[in-house]
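Undergrad: Dock chain B against chain A, hints included.
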Amino acid sequence: MADIAQLENMVTQVRRDIIRQVHKVNSGHPGGSLGCAEFFVALYQEVMDRKERFDMNGEGEDLFFLSNGHISPVFYSVLARSGYFPVEELNTFRLLNSRLQGHPTTHEGLPGIRMASGSLGQGISVSIGAAATKKLNNDKHIIYTLCGDGELQEGQNWEAIMYAAANKVDNLIVSIDLNGQQIDGSTDDVLGMGSIRAKFEAFGWDVLDVKEGNNMKAVIEGLKTAKSKTGNGKPICVLLHTVMGNGIDFMMHTHAWHGKAPNDEQLAEGLSQNPETLGDY
Amino acid sequence: MKTYTNTGNKDTRSGFGAGLEELGKKNENVVALCADLTGSLKMDAFKANHPERFFQVGIAEANMIGMAAGMTIGGKIPFTGTFANFSTGRVYDQIRQSVAYSGKNVKICASHAGITLGEDGATHQILEDIGLMKMLPVMTVINTCDYNQTKAATLAIADYDGPVYLRFGRPKVANFTPENGAFKIGEAVELTAGNDVTIIATGHLVWEALEAAKTLEEAGISAEVINIHTIKPLDAKSIIASAQKTGCVVTAEEHNYLGGLGESVARVLAQNTPTPIEMVATQDTFGESGTPAQLMDKYGLNAAAIVKAVNKVIARK
Chain A
0 MADIAQLENM VTQVRRDIIR QVHKVNSGHP GGSLGCAEFF VALYQEVMDR KERFDMNGEG
60 EDLFFLSNGH ISPVFYSVLA RSGYFPVEEL NTFRLLNSRL QGHPTTHEGL PGIRMASGSL
120 GQGISVSIGA AATKKLNNDK HIIYTLCGDG ELQEGQNWEA IMYAAANKVD NLIVSIDLNG
180 QQIDGSTDDV LGMGSIRAKF EAFGWDVLDV KEGNNMKAVI EGLKTAKSKT GNGKPICVLL
240 HTVMGNGIDF MMHTHAWHGK APNDEQLAEG LSQNPETLGD Y
Chain B
0 MKTYTNTGNK DTRSGFGAGL EELGKKNENV VALCADLTGS LKMDAFKANH PERFFQVGIA
60 EANMIGMAAG MTIGGKIPFT GTFANFSTGR VYDQIRQSVA YSGKNVKICA SHAGITLGED
120 GATHQILEDI GLMKMLPVMT VINTCDYNQT KAATLAIADY DGPVYLRFGR PKVANFTPEN
180 GAFKIGEAVE LTAGNDVTII ATGHLVWEAL EAAKTLEEAG ISAEVINIHT IKPLDAKSII
240 ASAQKTGCVV TAEEHNYLGG LGESVARVLA QNTPTPIEMV ATQDTFGESG TPAQLMDKYG
300 LNAAAIVKAV NKVIARK
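Chains as they are written, first to last, in numbering that gives the first Met the number 0: chain A, 0 to 280; chain B, 0 to 316.
Same shape as in the complex, but just chain A (with noise of 0.2 Å):
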């Protein structure tokens, strides 16, 4: 395993990075952001079998689709950390003729990105798909899939998740980032799901709990059991317990930050929380 201290290094930088970004075009979505930075840094630099080169078809190594696509500025930032493409073109993130669009693209030739999505419920049948691709091509590597939590409110989820447990697609991995909070409130308030767990234990998933969703090595830990679950009949869900806008202070335990870039002062403020570690871009 790669050195914890080093990956919490890499998450520093990127929480930076996802702040920076928002606040430069002072739109985007920071909140999810910043919950989720442990689990992208952990998958792309501790957890998946990837190549170095991007191409489309991903043939031989594990693929990660983004169901809520809205956070993008921890996609680009780790995408870029992990050498897709230069960490320079932060610095375009929702700019005109960008490749890095508001909302993740294949349009602009990204290279990290397979699939568009913002719109939301749409990740788990795109990865089942791509499972079932792997299979047929004989292709033992795993998808990896990441969802919010109130985006489970899409029907279209279910119409997957039902579709993965009857057809055994055994080689796909869902988290599901459980912090809680939606736009207009808390997922309770919204619109209450009752237990996941129980929902997709209904549904004939395997289910595990990531308590600690934004520490590193629980995370590392989860994911890695997670993919020694692989290949006995089912799909597995991990739930990742996480705190949205985490890392930076005022912006933990609450919706506000899901959509809302910071001032410049809040920008200095979270930086100083955040101190630079692998080089702002």
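Treat the hints as calculated values from the structure; they're not laboratory data.
One should not assume that every hint holds.
Interface residues of chain A toward chain B, partial, derived using beta-carbon atoms under 7 Å [what the hints assert, rightly or not]:
1) His106
2) Met114
3) Ser118
4) Val125
5) Gly128
6) Thr132
7) Gln155
Quick list of simulated restraints, FRET-style, between CB atoms [as the list claims (entries may be wrong)]:
8) A:His106 - B:Lys24: 31 to 39 Å
9) A:Asp248 - B:Thr122: 36 to 44 Å
10) A:Thr105 - B:Lys24: 25 to 33 Å
Anything over 10 Å on all C-beta distances counts as not near chain A; from chain B, calculated [stated by the list, open to error]:
11) Lys46
12) Glu178
13) Ala181
14) Ile220
15) Ser237
16) Gln243
17) Asp283
Being a predicted model, the structure only gives us computed values, none of them experimental.
The beta-carbon is built from N, C-alpha and C at its ideal position, and this holds for glycine as well.
TA: This is chain B only, laid out in the frame that chain A set:
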């Protein structure tokens, strides 16, 4: 006037099924997905002969479209099958984001299009799907006219890299295009040469246009019948050349006049060679239950309606 022989009524959806089965043998990357309508879409042979490449998704069309998009990653060529209504309106956002905007090589194959779906009525008779699909950037839109052409189109779209909407129907209709004929996406087919009027038809209305041309010939009117199987990209060059020759145009389609072939043709003519045009299409209405023939008659979608439209447009020259 060149005449065509109906070699026996056949349904266009069976042409799709036959083409898909042939693709199954020819191209191991072709996979098929169906939302609980395998028999209706005539996908049984593909399912029986290539079970590992057939995906029954159940009554879950949104998941089907998303899965198809994902399956392209790794080189598969997915063909989805369900009714036209459930292939488009029900899953528009999934097609828009995961297929069209993402540029995925998915073939959306839609049966029971239009009013000739018949007795099931308006809930299932989509008359808006051509419009929905042609508005999506990069989407190719094809509406075939008979069994042979549907089979040929099914084979052709597998060789084209990009999203395609292939529209066909339920009833048995005249089969008159050549068996194993070539199908060139985006190329109009001139069926009869004429001088007085151009009839531009698509889908089930192509045979009706040929029937109308015969009636018109008896009345001394020479009609040029063009089969537009590809509504997008539209063969503007052929349309402009014919309109300039005949001086007036009738379009015919089993679709709402808003958003259909007629509007696409009108745009081409207005921008290039303004020409009187009449549209045989449904008039911004839903359908209803009835037999296909009754409905075609009631909603003005047959040879008689085309003849009437021709007389009207010629008077406007």
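Undergrad: Next step is simple, just say for each hint if it's right about the structure.
TA: Now for the hints, and whether the structure bears them out:
no.: 1; hint: His106; verdict: holds, 6 Å
no.: 2; hint: Met114; verdict: holds, 5 Å
no.: 3; hint: Ser118; verdict: holds, 5 Å
no.: 4; hint: Val125; verdict: holds, 4 Å
no.: 5; hint: Gly128; verdict: holds, 2 Å
no.: 6; hint: Thr132; verdict: holds, 4 Å
no.: 7; hint: Gln155; verdict: holds, 4 Å
no.: 8; hint: A:His106 - B:Lys24: 31 to 39 Å; verdict: holds, 35 Å
no.: 9; hint: A:Asp248 - B:Thr122: 36 to 44 Å; verdict: violated, 54 Å
no.: 10; hint: A:Thr105 - B:Lys24: 25 to 33 Å; verdict: holds, 31 Å
no.: 11; hint: Lys46; verdict: holds, 15 Å
no.: 12; hint: Glu178; verdict: holds, 32 Å
no.: 13; hint: Ala181; verdict: holds, 30 Å
no.: 14; hint: Ile220; verdict: holds, 49 Å
no.: 15; hint: Ser237; verdict: holds, 31 Å
no.: 16; hint: Gln243; verdict: holds, 38 Å
no.: 17; hint: Asp283; verdict: holds, 28 Å
Consistency with the previously given hints fails for number 9 only.
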